[in-house]
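**Student:** This is what each chain is made of:
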Amino acid sequence: MNRTLQRATAMLSILLLVLPNAVGASERLIDLASSGREAKYTLPADTREVELVSQRSGQCRLGRTWGYDLGARELWVNGGCAGQFKIITHEAGTGAPDSSNTAAALAAAAAIAGVAVLASRGRHDSDRSYEQSGYYAPPSNPGYYVPPENPRYYPPSSGYHPPQAGYYPSGGGRQGTIHGPGGLCLDMRGDRVVQGTEAIIYNCHGKRNQRFNWTPRGELIVNNMCLDIAGGSRANGARVIAWPCNGGRNQQWYVNGSQIQSQQNGKCLDVAGGSLQGGTPVIVYDCHGGQNQRWFW
Amino acid sequence: MTKQKLMACALALAGASAVPAIHAVTQPSVSRQIFLAADLNKDGYVDLDEFHKDVVRSFHALDHSRDGYISVDEIRAIPDKARVELLLKAMKLSDQNRDGRLSFKEVVERRMGYFDAADTDKDERLSMAEVVAYDAAAVKRFAATWQPAPKGAKQ
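The listed protein sequences derive, respectively, from chains W and G. The numbering used here numbers the first residue of the first sequence as 1 and each following residue consecutively. The numbering used here numbers the first residue of the second sequence as 1001 and each following residue consecutively.
Be aware that one or more of the hints could be misleading.
To be verified - Below, a list of computed lysine-lysine pairs in the DSS-like style, where the Cα atoms sit at most 25 Å apart: (1) G:LYS1089 with G:LYS1105; (2) G:LYS1122 with G:LYS1053; (3) G:LYS1140 with G:LYS1089; (4) W:LYS207 with G:LYS1081; (5) G:LYS1053 with G:LYS1105; (6) G:LYS1089 with W:LYS86; (7) W:LYS86 with G:LYS1042; (8) G:LYS1092 with G:LYS1105; (9) G:LYS1089 with W:LYS40; (10) G:LYS1053 with W:LYS40; (11) W:LYS86 with W:LYS40; (12) G:LYS1105 with G:LYS1122; (13) G:LYS1053 with G:LYS1092; (14) W:LYS86 with G:LYS1053; (15) G:LYS1122 with G:LYS1042; (16) G:LYS1092 with G:LYS1081; (17) G:LYS1092 with G:LYS1140.
What the hints assert, rightly or not - Sample of chain G residues at the chain W side, in silico, Cβ under 7 Å: (18) ILE1034; (19) HIS1052; (20) ALA1061; (21) SER1065; (22) ARG1066; (23) VAL1072; (24) ALA1077; (25) LEU1088; (26) ALA1090; (27) LYS1105; (28) MET1112.
Stated by the list, open to error - Label pairs and their computed distance ranges (CB to CB): (29) G:ASN1041 with W:PRO244: 42 to 48 Å; (30) G:LEU1093 with W:ASN224: 45 to 51 Å; (31) G:LYS1122 with W:ASN213: 47 to 53 Å; (32) W:ARG249 with G:ASP1099: 38 to 44 Å; (33) G:ASP1123 with W:PRO244: 54 to 60 Å; (34) W:ASP191 with G:LYS1081: 26 to 32 Å; (35) G:GLU1124 with W:SER57: 17 to 23 Å; (36) G:ARG1141 with W:LEU276: 37 to 43 Å; (37) W:ASP191 with G:GLU1124: 57 to 63 Å; (38) G:ASN1097 with W:SER54: 32 to 38 Å; (39) G:ASP1049 with W:SER57: 48 to 54 Å.
I should point out that these hints are in silico values taken from the structure, not numbers from a laboratory. What you are looking at is a predicted structure, and each value in this text was computed from that prediction instead of being measured. Glycine included, C-beta positions come from ideal geometry on N, C-alpha and C.
Let's have the full structure, built from the sequences with the hints guiding it.
**Tutor:** Here it is as structure tokens:
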């Protein structure tokens, strides 16, 4: 059987089913079967992950008889594995972040690089801390999450706040500075935050005009005012200001990776013109994944 | 102050800032936390699917531009300079084709290799004990290569 024919056979065994979904068409189910040989399916460009929903025949083992490569946009099965797969695409989340994305990014980097390759050269790396806490303590035991950092290594001036309760703590209520591009912080212009004060980026100092509190609804409270898209404008370049909280969608935000997006229209909190100068206004703009739309907290 | 004294001070300062950062990243508690985050059904084991899911989730957490690659720029965006440098060094090891960025495939392959190596009892799932023991041994191995090699030694 030649390769083209193989592919054609594989394609024939694919059944496409698009699931209706509240958030939008973010999931779809497909059937893919290998009859001993490898079969492939081309994944949509915005695929986030793929799950095996049910096995139809053979032994389907991830990384062994089935797998996927988001770079090559390819889902594959072989060795007789046949199953139904769920393709999950990127979709917007809602509301406040459930953890610091700085800590999450570091944990992700350590997980990807393999924590083991981050070498120690000292004898300081005794295994004391895990011997004391035991391997199998339940995760709900707060004593189990030993903060990995010693706070004294990170003076407040470093701008880094070690996570206090593990890498993936749950629950909102995060408060603190929001770091933007160029080592600058999201800031409300001037020392006083009043109705109409403009959002800018500025050197990080952590005073009250840089301390933001996420509410569970996704409001960003700074000095008792809400971060607000001026006049509820839907335009690119709309100004972002402080305004008394009124429950409007133009005052509600959600986190998508390191982007902060408006619940009103999904536009991104953006440093105007991509300028990394202190004092540059912060606006909302179509999300493009650029450096001037990345925020860490 | 003499030149030697100044040099000694500089070295002491450099050491003081570098060692704690390395220490902070390599504590076994980091291994444990990564394990706990990956153990989605909280049964005390990370199976193949959970492990893979964690790798994919981690990949997306870092690929801000969603171009399917983790670039140096994306690592540098993390506002924690001391650890960023360490992570960049570590991530170079996964960059098989040396193009200065990590593809999805490179990341998944390296991590699946880790899974197989750490799964010492070959039951296709990782226990906390397996992860901590494997990481500790690997840190020791890597520490041996971390020191600048003496002159003339094989790199």
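**Student:** Between LYS1122 (chain G) and LYS1053 (chain G), does the CA-CA distance stay at or below 25 Å?
**Tutor:** Answer holds: LYS1122 (chain G) to LYS1053 (chain G) is near 20 Å, not above 25 Å.
**Student:** Range first: 47 to 53 Å. Now tell me if the beta carbons of LYS1122 (chain G) and ASN213 (chain W) are that far apart.
**Tutor:** Since LYS1122 (chain G) and ASN213 (chain W) have Cβ atoms about 49 Å apart, the given range 47 to 53 Å holds.
**Student:** Is it true that the C-beta distance of ASP191 (chain W) to GLU1124 (chain G) lies inside 57 to 63 Å, as the hint says?
**Tutor:** Taking Cβ atoms as reference, ASP191 (chain W) and GLU1124 (chain G) lie about 59 Å apart, which means the hint holds.
**Student:** When the nearest CB of chain W is found for HIS1052 (chain G), is that gap smaller than 7 Å?
**Tutor:** At about 5 Å, which falls below the 7 Å cut-off, the nearest Cβ of chain W leaves the hint on HIS1052 (chain G) intact, so it holds.
**Student:** Going straight from one Cα to the other, do LYS1089 (chain G) and LYS1105 (chain G) come out at no more than 25 Å?
**Tutor:** 19 Å, holds
**Student:** I want to verify a distance hint. Is the separation of the beta carbons of ASN1041 (chain G) and PRO244 (chain W) within 42 to 48 Å?
**Tutor:** About 44 Å separates the Cβ atoms of ASN1041 (chain G) and PRO244 (chain W), which means 42 to 48 Å holds.
**Student:** Check whether the Cα positions of LYS1122 (chain G) and LYS1042 (chain G) lie no farther apart than 25 Å.
**Tutor:** Holds, at about 20 Å.
**Student:** Would the hint on SER1065 (chain G) stand, with a C-beta cut-off of 7 Å toward chain W?
**Tutor:** Holds: closest Cβ of chain W sits about 4 Å from SER1065 (chain G), inside 7 Å.
**Student:** Can you verify the interface hint for VAL1072 (chain G): is its Cβ closer than 7 Å to any Cβ in chain W?
**Tutor:** Interface hint status for VAL1072 (chain G): violated (12 Å vs cutoff 7 Å).
**Student:** Take a quick look at whether LYS1092 (chain G) and LYS1105 (chain G) sit within 25 Å of each other, Cα to Cα.
**Tutor:** Since the Cα atoms of LYS1092 (chain G) and LYS1105 (chain G) sit roughly 15 Å apart, the hinted pair holds (cutoff 25 Å).
**Student:** Confirm or reject the claim that ASP191 (chain W) and LYS1081 (chain G) have a C-beta distance inside 26 to 32 Å.
**Tutor:** At 28 Å between Cβs, range holds.
**Student:** Please test the hint of 17 to 23 Å on the beta carbon pair from GLU1124 (chain G) and SER57 (chain W).
**Tutor:** Given range 17 to 23 Å: holds, Cβ gap about 20 Å.
Hint violations for this structure: numbers 6, 9, 23, 25 and 39, all remaining hints satisfied.
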